[in-house]
Amino acid sequence: MQYKIRIIDVNPSLSYDLTSIQSRIRKETDDYWKCLNESLKFQSSYVLLLEDDAVPVDGFFMMMQSLMIQLDQRPYIDYVKLYHPRILRKIPSLVQTISILVVLSYGVHRLWRRSAVTFSVSVCSYLLIRLVFIDLFADFRYHVTKSAYLSLPESCCTPAVLFQSNKIPEMVSELSKIPSNLGHAKDHILDESSFIGRATDMNLIVHIGGFSSIRNKFVHVEINDNSFIDRVFTYLRLSIFYKKRIH
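FYI, in this note's numbering the residues of the sequence shown are 1 to 247.
You can trust all of the hints, since none of them are fake.
Derived DSS-like pairs: lysine-lysine, alpha-carbon spacing no greater than 27 Å straight-line: (1) 34 / 177; (2) 41 / 27; (3) 167 / 177; (4) 34 / 167; (5) 167 / 41.
Computed Cβ-Cβ distance ranges for the label pairs, DEER-style: (6) 103 / 70: 28 to 36 Å; (7) 111 / 45: 51 to 59 Å; (8) 170 / 103: 43 to 51 Å.
Because the hints were derived from the structure by calculation, they are not lab data.
Virtual Cβ for every residue (Gly too), placed ideally from N, Cα, C.
Please work from the sequences and hints to get the whole structure.
Below you can see the structure in the form of structure tokens.
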């Protein structure tokens, strides 16, 4: 399988008044649809639009292969989002979290039969799972199957999206006609469209952008985008290293 990276000059003849946030959002949206349209020249089955503040994670190409195999089997899916902020993930991690809490709460209540204890354990467990172990389910399944799992997409940013090439002409034709503005940028336009999307249940890229040129301000960057299992292995390796240094 071959991967080609092309640099596209979307339209140097157009000029925008970039002093206002509305103009910057319009330019970003216009550039996005133009890049998507230009990608048709390369006659590939799939097109990956990767923004300049997105860095692929380890094993990215293996996961991309598993994604394209799944899309070959499900041609009705028009695009796949490869990133969603960890703390905002609801599908499927929230369902999995609630399922675990139900079982855990039942076990604690059977053991202690005290509502206060059950409630306290449930709240602490929920916060611990959502803040620390949110990637555990996706990471465990990936390390077993070596395949990315597709779930329903959630509305948010689009630093990395994989498109079915045969749907791009229709998408560009329809979505480029929709005006964009503050509060309704390209990601909102894509989310609200009639096109069928999916999202990976784990992030295939790390969002490294610390400054938004669109909003002209610093933004929060998740420094723990790497998987939970990788963080555990890193901690264990560091612990072993320091123990060896001490002894």
